[in-house]
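Chains F and W, in that order, give the protein sequences. Going by the numbering used here, the first sequence opens with residue -8, and the numbers climb by one from there. Going by the numbering used here, the second sequence opens with residue 12, and the numbers climb by one from there.
For the record, the hints were derived by calculation from the structure and aren't laboratory data.
Some chain F residues well away from chain W (every beta-carbon gap over 12 Å; in silico):
1. Gly91
2. Val230
3. Ala249
Cβ pair distances, simulated, as ranges:
4. F:Glu102 - W:Val320: 52 to 58 Å
5. F:Thr179 - W:Val320: 40 to 46 Å
6. W:Phe314 - F:Thr125: 38 to 44 Å
Don't be surprised by glycine CBs; every beta carbon is placed ideally from N, CA and C.
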Amino acid sequence: MSRRATLLAPLAACALAATLTACGGSEELTVYSGRSEELVGPLLERFNAETGVDVAVRYGDTAELALLLAEEGEDTPADVFYSQSPGATGYLAGFDLLAGLEPDVLSQVDERFRNADGRWVGVTGRQRVLVYNTELMEEGDLPASVLDVNDAEYAGRVAVAPENGSFQDFVTALRQVEGDDVARSWLTGLAEADAPTYANNNAIVEAVSRGEIEMGLVNHYYNYRFLEENPDAPTRNHVFAGADLGSLVIDSTVSVTAGAADNADADALVAFLLSEESQRYFADETKEYPLAEGVEPTADVPPLDLGSAPGYQADDLGGGLTDTIDLIRDSGLGV
Amino acid sequence: MVSASDLLAPSRNRARRGRGGPRRAPGLAVAVLAIAACFAAPFAYLVVRTLGLGAPAIEALGNTGTLAPLARSVALGLAVAVAAAVLGVACGWLVARTDLPGARSWALLFALPLVIPSYIGAFTLQAAFATGGLVQTVLAPVAAVSLPRVGGFPAAFVVLTLLTYPYVFLPVVARLRQAPASLEESARLLGRGPWATFATVVLPQVRGAVLAGALLVFLYTISDFGAVHLLRYDSLTRVIYASRFDRPAWLVLSLQLGLLAVAVVAGERAATSRDRMAGGRVAPGGGALRLRLRARKVAALAFAAAVVVFALLAPLSVLAYWAARGIAAGGSGFGGVGELVEPLRNTALVGLAAAAAAALAVLPVAYHSVRHRGRLADAANALVVGGFALPGLTLALALVTLVRAAPALYQSLGVLVFAYVVHFGAQTLRTAQVGVAAMPPRVDDAARLLGASPLRRLTAVELPLLAPSVLAGAGLVLLSTMKELPATYLLAPTGFDTLATRAWGAMEQAYWAQASVFALALVAVSAVLTWVFVLRRSDALA
Chain F
-8 MSRRATLLAP LAACALAATL TACGGSEELT VYSGRSEELV GPLLERFNAE
42 TGVDVAVRYG DTAELALLLA EEGEDTPADV FYSQSPGATG YLAGFDLLAG
92 LEPDVLSQVD ERFRNADGRW VGVTGRQRVL VYNTELMEEG DLPASVLDVN
142 DAEYAGRVAV APENGSFQDF VTALRQVEGD DVARSWLTGL AEADAPTYAN
192 NNAIVEAVSR GEIEMGLVNH YYNYRFLEEN PDAPTRNHVF AGADLGSLVI
242 DSTVSVTAGA ADNADADALV AFLLSEESQR YFADETKEYP LAEGVEPTAD
292 VPPLDLGSAP GYQADDLGGG LTDTIDLIRD SGLGV
Chain W
12 MVSASDLLAP SRNRARRGRG GPRRAPGLAV AVLAIAACFA APFAYLVVRT
62 LGLGAPAIEA LGNTGTLAPL ARSVALGLAV AVAAAVLGVA CGWLVARTDL
112 PGARSWALLF ALPLVIPSYI GAFTLQAAFA TGGLVQTVLA PVAAVSLPRV
162 GGFPAAFVVL TLLTYPYVFL PVVARLRQAP ASLEESARLL GRGPWATFAT
212 VVLPQVRGAV LAGALLVFLY TISDFGAVHL LRYDSLTRVI YASRFDRPAW
262 LVLSLQLGLL AVAVVAGERA ATSRDRMAGG RVAPGGGALR LRLRARKVAA
312 LAFAAAVVVF ALLAPLSVLA YWAARGIAAG GSGFGGVGEL VEPLRNTALV
362 GLAAAAAAAL AVLPVAYHSV RHRGRLADAA NALVVGGFAL PGLTLALALV
412 TLVRAAPALY QSLGVLVFAY VVHFGAQTLR TAQVGVAAMP PRVDDAARLL
462 GASPLRRLTA VELPLLAPSV LAGAGLVLLS TMKELPATYL LAPTGFDTLA
512 TRAWGAMEQA YWAQASVFAL ALVAVSAVLT WVFVLRRSDA LA
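The following block holds chain F by itself, in its conformation from the complex (with noise of 0.2 Å):
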């Protein structure tokens, strides 16, 4: 007992010690980041670098985050919002729990990937991709648009990831472009056939590369992140040509708190991250689309055609997201 003892002293003298020191009265800057370290942790040491400030991050889920500031309100130690999703950052703006952004930031970013109210801004675009199997598919024999997955032909054989935030928010577009009735009626249409349905892009992209489905519909850059660790993948790309829904462009977002509306460094981050230096890093690391204007994408993906881009707000797609999961729900495919 006593040896259990002497173990727990030190543990909670440590807790103590722990919990004295995180409540410290500190000038650092704090982001909630629902992009993982791997991709912002460099950057971020970037930023301390070049302004000398101190950042503390919270990764997490992106969603779980959301909630959680939801949770926190105003009083939120948050200062800085990373958002993997417009749809979650969309519901933060909807309890007006985001400060209005520099104009001057605001107008780097194609008014398409921005929020109307300057609550957050686009840092970077994912595309909505088919990713298909070499060994199984021939490229001519792919679908045309996104819309005709269902056809006869296709039918069961292109993978969804229902749960995940992109799928989601590519439905809100669709519910937006082609209205309620054509997005029900795809949706229907993908759990009557029996399409496979995953957890997310990675479960898609790896059950694709293992030869399990022969296409899926996911965001273009976990492609490349499987091919740079396994270059032998036989996976790719397929981008639906034209202005088709399915190659939606879908921002990741930043956003500064209500709380930190007047913390300068907060609006020196949201610079920082629109930077060509930061946008380049995206590019080059991630595969990303750079959404700041002037900077060029990587050689490694398709240019990005943003005039004949689909003709959608991503400022919607926030406010839609709960009827979203209710109409996925709803078709069968089992959310």
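Got chain F; can you put chain W on it based on the hints?
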């Protein structure tokens, strides 16, 4: 029904009226009340918020639309609990009651699958055994194996059984090490075969431990999200997850799961008397009878190896393969061993702190709930065990709201450890209850007659007898805490990374090698801590 504990009660009451007055009862009851209040916090939050939503929310509690997913959760929970019980008892018996070569190493290997987060366990087992997976690829030159697509109930059942049977294994080993071998010897001497001895002597002795473990498996399974999410089984936790942006629905569904857990726990308690919980008394010093396996040694080793291959080696092999492949290709994102230091230290720190705190915090509840049957004991028991069935995200958000009022505590390590204790306290409670129930009252009576003070009796007599059960429970909390995700993400001090959070974060962005290195480090540090703080000590105590 008159149980043995009822028959014993008068003599205990007589003893209590003897010298020293009522035995510890008032102080103990106050302590239990305070502890129960802590465990009640997340439930209180859910109930208050649901009531605040008004009549529609309360009606929605009985909404038949959610009954089908709830039924699927229960079906999976029951199936996994039964299978994990069988597997856990078999492994425990092999380790504690036979001359299986390398029993101590097997004991560690059998315990470790518990530390694999179910999401990573499911992903790696899928990558190993599904179409085009590692197994098929490795076997391809030898034989063309065609493997089915992995998913749904069968896959979730297999994966969760493999990851949760240690909930049964650890308490069973702790129990077997303390149970008197004399009965088994007598049975064998009287001509009973090993199977008959197992069925008539060993099983009744471990019944309490098996029930305790199986209940934990059931609760883990109905509250698990990682495995059912990845393996596409439409359980209630997936509906809860899908509704997380719809606050009223989310609250109601979470409460529904919590109420199910409390009902199951209450039912289990009503059905289990004190002696059935224990399954016989401990007999300190009784040397374990070890069955000579002889010719069956090969079969026993093959069985043990099969369990370890499927539950531990397969996931670890996939992780090692991913790590090696990514690092070789140079695109892994792995920043060197130095990156492991801080998450590793944090993981060990919170794991040990939560294990120690949980073991100490629930001990009064274990005493009280075994020795006194009353509303307080029943409520405390249900609340402590029920905390395990709340989804981690629900529990974390409830604590966020409750602790917001105290900014000095918010996002402190203290609150994080508190969350782990509330979430996982059930794991030490059930094992500690088995230990308390198995303690012969006459040992305590003898100490009292010899004039030992209550404190002295506790430290000199009772705690040493309880130690193996409490350690087994603390080991379960240790392993569960080290892999915990939602509470760690939301409640830890900002910037506090653990191996599990780093592994999950890397995996989410498809940094497979990086994720694998963190996950492998997690298993390695768990192995060391389980060995040093749980198995080695429990060997010494047995």
